[in-house]
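**Student:** Numbering (our numbering), first residue to last: 224 to 713.
Honestly, the hints are just simulated from the structure, not real lab data. Glycine included, every Cβ here is placed at the ideal spot set by N, Cα and C. Just so you know, not all the hints are guaranteed correct.
[Unchecked claim] Computed Cβ-Cβ distance ranges for the label pairs, DEER-style:
no.	residue 1	residue 2	range
1	Pro633	Asp696	46 to 54 Å
2	Thr270	Ser437	43 to 51 Å
3	Gly686	Glu289	34 to 42 Å
4	Glu412	Pro502	44 to 52 Å
5	Glu412	Leu269	48 to 56 Å
6	Pro530	His611	32 to 40 Å
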Amino acid sequence: MNYQSTRSSDNNSNSLQAVLRGLAPDGGLYVPVCLDDISFDWKCTLTEDTFAIATRVLQALLPDFEDMSGLVDRAYSGKFETEELTPTVMLGEDALLELFRGPTSAFKDVALSMLPQLICAAKKQLGNGELTQILTATSGDTGKAALVGFADVPGVKITVFYPEQGVSPVQKAQMVTQTGTNVQVCAVEGNFDDAQTGVKKTFAALNEKVLEGSGVALSSANSINIGRLAPQLTYYFKAYADLVRKGSIQAGDSVDFVVPTGNFGDILAGYLAKRLGLPVGKLVCASNANNVLTDFLTTGTYDRKRPFHKTTSPSMDILISSNLERLLYFITNGDTAAVADWMNRLSKQGGYSVSDSVLAKIQAEFSAGFCDDEMTAGAIKEIWQQHHYLVDPHTAVAWYVAQQYKRQNPSHAPVVVLSTASPYKFPAAVLSALGQPVPEDEFEAMDKLQQLTGVAIPAGLAGLKQRKVQHTDCVGPEGLTEYVKKSIGL
224 MNYQSTRSSD NNSNSLQAVL RGLAPDGGLY VPVCLDDISF DWKCTLTEDT
274 FAIATRVLQA LLPDFEDMSG LVDRAYSGKF ETEELTPTVM LGEDALLELF
324 RGPTSAFKDV ALSMLPQLIC AAKKQLGNGE LTQILTATSG DTGKAALVGF
374 ADVPGVKITV FYPEQGVSPV QKAQMVTQTG TNVQVCAVEG NFDDAQTGVK
424 KTFAALNEKV LEGSGVALSS ANSINIGRLA PQLTYYFKAY ADLVRKGSIQ
474 AGDSVDFVVP TGNFGDILAG YLAKRLGLPV GKLVCASNAN NVLTDFLTTG
524 TYDRKRPFHK TTSPSMDILI SSNLERLLYF ITNGDTAAVA DWMNRLSKQG
574 GYSVSDSVLA KIQAEFSAGF CDDEMTAGAI KEIWQQHHYL VDPHTAVAWY
624 VAQQYKRQNP SHAPVVVLST ASPYKFPAAV LSALGQPVPE DEFEAMDKLQ
674 QLTGVAIPAG LAGLKQRKVQ HTDCVGPEGL TEYVKKSIGL
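Construct the entire structure; sequences and hints are all you get.
**Tutor:** The following block contains the structure:
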């Protein structure tokens, strides 16, 4: 299958090269050129286990990889709390898709357990002997999942940048205590957008020409890498199959998915699953107070020139949603000139507007809503009181928006809410939402939350406070490129 940049049809590659490069040379994102030509029998996934579904999905999207079944097995076997990876549970009439049962207790584990296998396989098949330097910006969860996935992987080095004051204490501890001979973690004086923009600028500054002869090539573990995004389709098919098995729907019925998202990657995976034939109804984009996506999906105008809010759902504290670029490419049937113009306007002017016809196409597929921290806390408390089920703030955002969406659309299809993280990654916020006093030490809050609810702390988070800090570096927003150059010896 051919891949090309969202910004130019001249930048082409196969799926091996797209995964290995991460970002296209012109700054665009790799997309499959002929998505509608993919032959995919989604009904087969109704009777398959998660490993088989993942293999089938990844073979369809990344057909140049050999032995995909073996790669999937090595990625997931024995790493999750359950072999089904992403269980679906019913809370009243709604389904909750548990995406936090992996080694770092976040939905990123599904993709970032797979991406190292894909990158290593691509290097082997292409005969690439260079050091692959992974650059990753994180709003909290991607960083740890990527570090775990790539730790001590031969031929690869990973550097993770996180906003110094923009992650929870638990998320920070997960990253700065990570061991491995090839891992590097650095704080950024700013927010996630500063870190993400800095990484993109570093890719542009250290292009293939600059790195020629150095023995080093750059790649990414963010969802700008198609190898990060593709595995996320798996759990949409898995959730749908779960509902069929439970008797909640019949095969062929539509299902609406409500997704908490800031960078638009997780919800875009649902759109791609729909394009592969899965009977997805509406994809509902759930935002926190940083509701730039809600405004865009409602008005067609994307405006990042707005106040940045630090919220109790920090992984969605994002004002520049990278994967929206891929949606614009698909919605406009591959109009790379239009996408390039919009992205240029976003970079230089802080925003752009799409036409009414483009907005209408988007709104045919997507709905949107948002809630602030007070509403988020109320949702956490409500879910605990009504269902005796504990959720994190990001899941609570999605739950609140789901109930709002159902009230506004009485004829809605059955609803699946994506639960993206363990509540123990944000224990202070969850404890406060339950009306309890919160200790200053967030790890004490973790213990208190367990005592209060009886919900077990995930193994990967237990004992985190006692682990030795390995990484203390910090740079300003403009210092990422020099930091990376020094790291790789340029």
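**Student:** List in ascending order the numbers of the hints, as given earlier, that are violated by the structure.
**Tutor:** Nothing - there is no hint that the structure violates, so all of them hold.
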